[in-house]
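**Student:** Could you put together the complete structure from these sequences and hints?
The primary structure of each chain is shown beneath.
Protein chains: 2
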Amino acid sequence: MKYVYMFSEGNSSMKELLGGKGANLAEMTVLGLPVPEGFTVTTEACLRYYEDNKEIAPAIKYEVRDYIKKLEEVTGKKLGDKTNPLLISVRSGARASMPGMMDTILNLGMNDEVVEGLESLTNNRRFAYDSYRRFIQMYSDVVMELPKAEFEAMIEEIKENRGITEDNDLTADDMVDMANKFKSFYKEQVGKDFPQDPFVQLFASIEAVFRSWNNPRALYYRRMNEIPNNWGTAVNIQRMVFGNMGENCATGVCFTRNPATGDKHIFGEFLFNAQGEDVVAGIRTPYNIDELKPVMPEAYQEFEEICHRLEQHYKDMQDVEFTIENGKLYMLQTRSGKRTSSASLKIAVDLVNEGLIDKKQALMQIDARILDSMLHPQFSEETLKDAKEIGQGLAASPGAAGGQAVFTADEAVRYHEQGKKVILVRLETSPEDIEGMHIAQGILTARGGMTSHAAVVARGMGTCCVAGCSEVVFLDETSFRLGGKVYHEGDEISLDGSTGKIYDGLIPTVPAQISGDFETIMKWADEYRTLSIRTNADSPADTRQAIEFGAEGIGLIRTEHMFFEADRIKAMREMILSDTVEERKLALDKLLPMQRGDFEAIFETLEGRPSTVRYLDPPLHEFLPTKDKDIIALAEEMNVTETTLRERITSLHEFNPMMGHRGCRLDVTYPEIAVMQTKAIIEAAINVNKKQSDYTVKVEIMIPLVGELEELKFVKRYVVETADRIIKENNTHLDYIVGTMIELPRACVTADHLASEAEFFSFGTNDLTQMVFGFSRDDASKFLPAYYDNKIFEQDPFVRFDQTGVGPLVKMAIDKAKSVKPNMKLGVCGEHGGDPSSIEFFHKAGLSYVSCSPYRVPIARLSAAQAAIKFG
Amino acid sequence: MKYVYMFSEGNSSMKELLGGKGANLAEMTVLGLPVPEGFTVTTEACLRYYEDNKEIAPAIKYEVRDYIKKLEEVTGKKLGDKTNPLLISVRSGARASMPGMMDTILNLGMNDEVVEGLESLTNNRRFAYDSYRRFIQMYSDVVMELPKAEFEAMIEEIKENRGITEDNDLTADDMVDMANKFKSFYKEQVGKDFPQDPFVQLFASIEAVFRSWNNPRALYYRRMNEIPNNWGTAVNIQRMVFGNMGENCATGVCFTRNPATGDKHIFGEFLFNAQGEDVVAGIRTPYNIDELKPVMPEAYQEFEEICHRLEQHYKDMQDVEFTIENGKLYMLQTRSGKRTSSASLKIAVDLVNEGLIDKKQALMQIDARILDSMLHPQFSEETLKDAKEIGQGLAASPGAAGGQAVFTADEAVRYHEQGKKVILVRLETSPEDIEGMHIAQGILTARGGMTSHAAVVARGMGTCCVAGCSEVVFLDETSFRLGGKVYHEGDEISLDGSTGKIYDGLIPTVPAQISGDFETIMKWADEYRTLSIRTNADSPADTRQAIEFGAEGIGLIRTEHMFFEADRIKAMREMILSDTVEERKLALDKLLPMQRGDFEAIFETLEGRPSTVRYLDPPLHEFLPTKDKDIIALAEEMNVTETTLRERITSLHEFNPMMGHRGCRLDVTYPEIAVMQTKAIIEAAINVNKKQSDYTVKVEIMIPLVGELEELKFVKRYVVETADRIIKENNTHLDYIVGTMIELPRACVTADHLASEAEFFSFGTNDLTQMVFGFSRDDASKFLPAYYDNKIFEQDPFVRFDQTGVGPLVKMAIDKAKSVKPNMKLGVCGEHGGDPSSIEFFHKAGLSYVSCSPYRVPIARLSAAQAAIKFG
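If you're matching them up, the sequences are chains A and B in order. With my numbering, the residue at position 513 of the first sequence is 514, and numbering never jumps. With my numbering, the residue at position 561 of the second sequence is 562, and numbering never jumps.
Fair warning: there could be bad hints in the mix.
It does not matter which identical chain is meant; a pair holds if it fits inside one copy or across any two.
Straight line, CA to CA, 20 Å or less: simulated EDC-like cross-link-like pairs of lysine to aspartate or glutamate [stated by the list, open to error]:
| id | residue 1 | residue 2 |
| --- | --- | --- |
| 1 | 265 | 279 |
| 2 | 83 | 117 |
| 3 | 783 | 711 |
| 4 | 729 | 198 |
| 5 | 79 | 299 |
| 6 | 680 | 583 |
| 7 | 486 | 418 |
| 8 | 628 | 655 |
| 9 | 714 | 790 |
| 10 | 714 | 52 |
| 11 | 792 | 711 |
| 12 | 812 | 753 |
| 13 | 630 | 477 |
| 14 | 817 | 383 |
| 15 | 83 | 113 |
| 16 | 714 | 795 |
| 17 | 149 | 53 |
| 18 | 783 | 673 |
| 19 | 628 | 648 |
| 20 | 699 | 725 |
| 21 | 188 | 153 |
| 22 | 792 | 758 |
| 23 | 55 | 722 |
| 24 | 692 | 730 |
| 25 | 817 | 411 |
| 26 | 792 | 673 |
Rather than coming from a laboratory, the hints here were simulated on the basis of the structure.
**Tutor:** Here it is, written out as structure tokens:
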């Protein structure tokens, strides 16, 4: 097993083994660019380190020593040699870029002797001791985990004593003083002298980099960026070049194009007489890269040429690091540059226009998730400068908004009627809050995860939402504490649903910038994708929005969402509280025209695009009031005693509503509900067809929560009898199909049975995930943090489809369905329908379409194209 | 397709096609016994009838007409022929016996002409018109569904007018009068004359029998007896013989042995001058069969010989029907006779001793489910005679008991301390009620199904329980209405947990009779079974009981059950309400000695038999108080404010506790719980081992609710570290293994991963069934009745393992586990572990053992033997 590679032995295709940084250093070396010599300890060595209970195996140590010898040969320098010392940097480098998440040690090889040697060699005492003190400082921090602040304090003290403020004004003696102070502090803290043996320094540093793979911020970053925990990091060991040897030295960080706008112009910053971390740390204000040209024209020209060459070679915008040592340029890093969403689109389109890449490559280059941020209003960086952040929750639904805090849906409505903008602040939301949520500029909840009710509904509406902010402490029904301040009803707060941050007061937002590149990319995506993209929408407004974003139909109309509005909930409650079938039918008769009207409006908006209507799904008690005053009012309205009403409400209580009397179980117990809904749909379709002749309404009726063929048969019989009767009575023709949601494990296992009756399947991966994992979205927030902290889960399975545990059941269902009906229409209408990696799975699994909330339609279009390009 | 078979064409192996009755009539015919000629319309014809939208296909009608011709040929009589009429019976006959559930029509072929012909032919006017009026009566009832009571009223009226009370005192004229009155009534109700065409009568009757397959009582019977709905019924058409032609006629029903005791002696009843239904209907008091001998010695002797021959032939006790027409014996039915549990065992053992069958056949002959009733006290038939039945619930846990009604666990304890016997009456029970449940003689709940908390716990304890009796209406906290009467605290009621019946007042019970045959059968079962039988037990008492019943170890110790007792719940609550790890550890330290003591007692009882200990499983809020006064008291005890306590309780609330923070999720968030439980187990095992040298404690540690390998790894690490440390500290050796419950669909799908870490699997089929179906046991009772009524479900999947939907996942898990560890120990510890048909599945699927509640251990032993015999 080979654990170490010289840069000259590698290339950019070896990222898995060498990490991104290592592979690119190797690639640049092979291209003949001026890269300081070095080698890479592989990611496999890191994994081995963890396997060996956090010890570096002797074989690896031996190999590293061997490569140090090789490095000494090619550089002509020697580690720890006073007369000709080799100084090296030790840097992390994972397969995917994790900027700043892991550790780096510079100037390794310094000790009390070498520093003297370096002084006489460079004739630069200040430089030598600056390098030494930097090394002690970094080693103490990164390897020994001594408190960083103490070192900063010592520097400040020296500067104070000397009456200066800038690092550059520190003298050589100051640096010597500093190095000594650092060493004393080290000894005091560690109980041993600062290590003088370069190999002791080296292995401790390598180990520190390995360790840093699992530091908390790295873990968090990986979770946020969906990077697996089992990749490990490589370690890059490289000859030091010095940007801090004097005024003909410099160091900088650049992008080959503007990462904010995408403009084709080198963009970056540098410092004279400094080491790389000074630029990043922001202690000194760096210069714009353009200012390098007049001072060091030759170095700048070479740098410009290299930038161009790297772009041509990598066919993408690059993020590079360089150092100029005594006028000579060295490249220290190149990688694909991070960029804003709009820059990402512009660069992709430009690169195609420049002939560097083709459309497929352009599509593959864009991270689909970034499109999200382009569709919602945002706080600009300007406006955020003076904002007071008061809390942090989950970034549940993107966009930014400010308004007056209100605590109930009713208040939201009252404020709205007065023309005021509100942020709805709730412990958690429930379907009863739907009207208030619709009206609110933003939603903040103290409980619930990324797929809580608030989060799901907000994303569906495109309303910004920060969910599960446990810092919000409700003091009573009209106030809460957050960030040390008490907020009452009417106080102003602002939310950023893209970052999860909460701010004091009202922060203005800027509208989303959708440039022409966005349209271009979407057009290209549509050329390649094979999956259809539909949307989950319950209203004409949502539908219109989704169609604008490119939806080809509706994959999920949740009919119950229509019943929470004030004028409808009464009839709904009458229906629920009916004692007899007759009473229930009377109440349903009142609901019928409302529901029919809703469908007509949606069908008209769709203009002939297909729509899948899911029948009533939630447990009935969700529609009933819970507060005393509401119950009393309802009892009066319904003309029953409060006791009777309470008894009825109690009798509807469920221990586990998620696993209760809902979905098609409602239709089995009350078939008249299915009959009413069928009437509403079919009559609406016929009415819309009669009104115009430009298109024909396409209806797909979906029975939810089916787990057994006989269930589906039973409900379908009512649906078909009702539909056919109405069609016949109207003396017309209407194509409609009846299918089912696959959202129970038993539906997957018996999918072949179900396929014999269902004309289509739509996977409800939210509920399916819940049942397969055996935990509910609403309750999981109590223990999921511990699961992430302990690396038991890497991802929220409600956000990213679980291919390991849920995937095989979906695959089983697809195979069984196709064994019965080879061309069956199969789709997904869970939240996963808008998640790129999940869409990739659905593409591979052979589905016909995915359906997602309107604001995720563009993401789905691009992700589907990427999946098609990747897997054909 | 052949839809009709003459009796002479069939045999007893054709039950699927001909039904039980038809197949046995054919068998007797072939054996040469005196069976009136006839034919059978197959069960396939019945299924075809339903497929054809409840119409008898012309082809079938044609075939029936053809067979009527054949019947006319062999009998020499003719349907509808006045001079020589063929009269026939039309009887149902399903594959499995469903006595009295479906319909029968006798004397078909009668009409106004035939009755006259029959009169002159038999010279018996009374007989002729008796037969006619019977036919009109039955046809009106069964085929036309006219009200039965009206006919009874007409008969009563005639008897009253005539001043007589016995049917036998009715004269020929009375019969004519009756026939005419019936015909008039028929015409009045139906609007048409009583049909005179025998073929119209015949096809209407066949259709009525087909229809009766789906009448409500047949549906209910099938559900209770686990008979599939898709079997259908055959129809047997047979020449009538008449037991009502005069005093040298008789009809009777007999068992070849005593069905109550198993004694080898013909046992039965008969009537002179009567038709078969008179015996069954109980209108006249029949004679003991022994009294037939002196009156008709020849017929009796022939009958006795036939009984013997049938037993020898069928190798089982038979239930036969016969008719003697003018001194000549006819056999009308034979079938395996229903018998009491004890008779069942005695007969099986006797048949082996008589050399008729071998041990395997004996074991296969016994319905394992009947053993249940042999282990609990019961109401005798005597004592029930005068009992007033006041309600009916689910027969949730067998046995019978009476006592004073109490409404809370606390009251139960108070009554118990005064030496009183109580029945605990609750809306539903919760883990808090455990002490009261333990003390109660019986438990009655208004809500919940066969696997509700009350039912499961009661079965585990062997306490009788009637669950989900929705007729119980709570008026307030100390009274309820049932059967029209209001019961207050202290009022006496009695329950029969084997029938689900509730009685007013105190009914004495008789202890269970366990005869030596029971022991014999169990011994034989143990010889053949390959599955081990364990028990689910949480206390030494349960454990002892289970071992007496033959359990070979414990398959499930639910550690949480130990924490509901008064002195422990406090420490448990302290643990739950801890704010820091340190506080939690302090509280756990208090629980440690209690739990260790529990384990020591159980291990000592087990005397070296293995036991599987499941770690804390339920959501924590189950342990917290819900009532105001309890909360206030607890706050005081814990020295926190009521507000703080309420906040903590609220924060523990879950929307779907079944899918919440429970099982191993508790250990992931609070590993110190797993550490404490490990300490308790390992220390207990070491202590018990030190005390004696006769046996060594065998411990299996089971992590519940695992869905992901990393979860198991995480918790197992704490377990192993703790266990190994304690073993080392004690300088001893202890074998323990760590495994997991498979109770989530994701655990099945990833069973190969889990098997790499787990040393055994135990399938928790209760939770698995819930997750696969997506409904909770507690909530399903709201809609399951509609599922049974509409034939969507045939069985409660929590009682009988669902082989269609859950089975493939269990099989998948077993296959995946064995692919990693071919000899892995695999068991079941769900409620299904005590259900015969489920045990058959588990045997076939390749499990090592099943574990069930103590009172089901004998059933499991026998079922396992039957599965082994059936499938090898």
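**Student:** Between copies, within a copy, both or neither: which fits residue 817 and residue 383 at Cα up to 20 Å?
**Tutor:** neither (55 Å within a copy, 57 Å between copies)
**Student:** Cα distance capped at 20 Å. Does residue 79 pair with residue 299 within a copy, between copies, both, or neither?
**Tutor:** This pair counts as neither: shortest intra-copy Cα distance 30 Å, inter-copy 123 Å.
**Student:** State whether the alpha carbon distance between residue 792 and residue 711 is at most 20 Å within one copy, between copies, both, or neither.
**Tutor:** between (42 Å within a copy, 8 Å between copies)
**Student:** Given identical chains, is residue 188 near residue 153, meaning Cα to Cα at most 20 Å, within a copy, between copies, both, or neither?
**Tutor:** within (17 Å within a copy, 110 Å between copies)
**Student:** What label fits residue 699 with residue 725 when the C-alpha limit is 20 Å: within, between, both, or neither?
**Tutor:** Answer is within: at 15 Å inside a copy they meet the 20 Å cutoff, but 66 Å across does not.
**Student:** Evaluate residue 783 and residue 711 at a C-alpha cut-off of 20 Å and name the case that applies: within, between, both or neither.
**Tutor:** Between. Shortest inter-copy distance 18 Å satisfies the 20 Å Cα cut-off; intra-copy 37 Å does not.
**Student:** State whether the alpha carbon distance between residue 265 and residue 279 is at most 20 Å within one copy, between copies, both, or neither.
**Tutor:** neither (27 Å within a copy, 103 Å between copies)
**Student:** Is it within, between, both or neither when you check residue 486 against residue 418 at 20 Å Cα-Cα?
**Tutor:** Close neither inside one copy (28 Å) nor across copies (56 Å); limit 20 Å.
**Student:** If the cutoff is 20 Å on CA atoms, where do residue 630 and residue 477 land: within, between, both or neither? Let me know, please.
**Tutor:** For residue 630 and residue 477, the Cα distance is within 20 Å only inside one copy (18 Å; across copies 23 Å).
**Student:** Should residue 792 paired with residue 758 be assigned to within, between, both, or neither, using CA atoms and 20 Å as the limit?
**Tutor:** Between copies only: 17 Å across, 43 Å inside.
**Student:** Have a look at residue 729 and residue 198 and pick one of within, between, both or neither, based on CA distance no larger than 20 Å.
**Tutor:** neither (93 Å within a copy, 40 Å between copies)
**Student:** Checking residue 628 and residue 655: alpha-carbon separation at most 20 Å within a copy, between copies, both or neither?
**Tutor:** For residue 628 and residue 655, both the intra-copy (17 Å) and inter-copy (19 Å) Cα distances are at most 20 Å.
Of the numbered hints listed earlier, those contradicted by the structure are 1, 4, 5, 7, 14, 17, 25.
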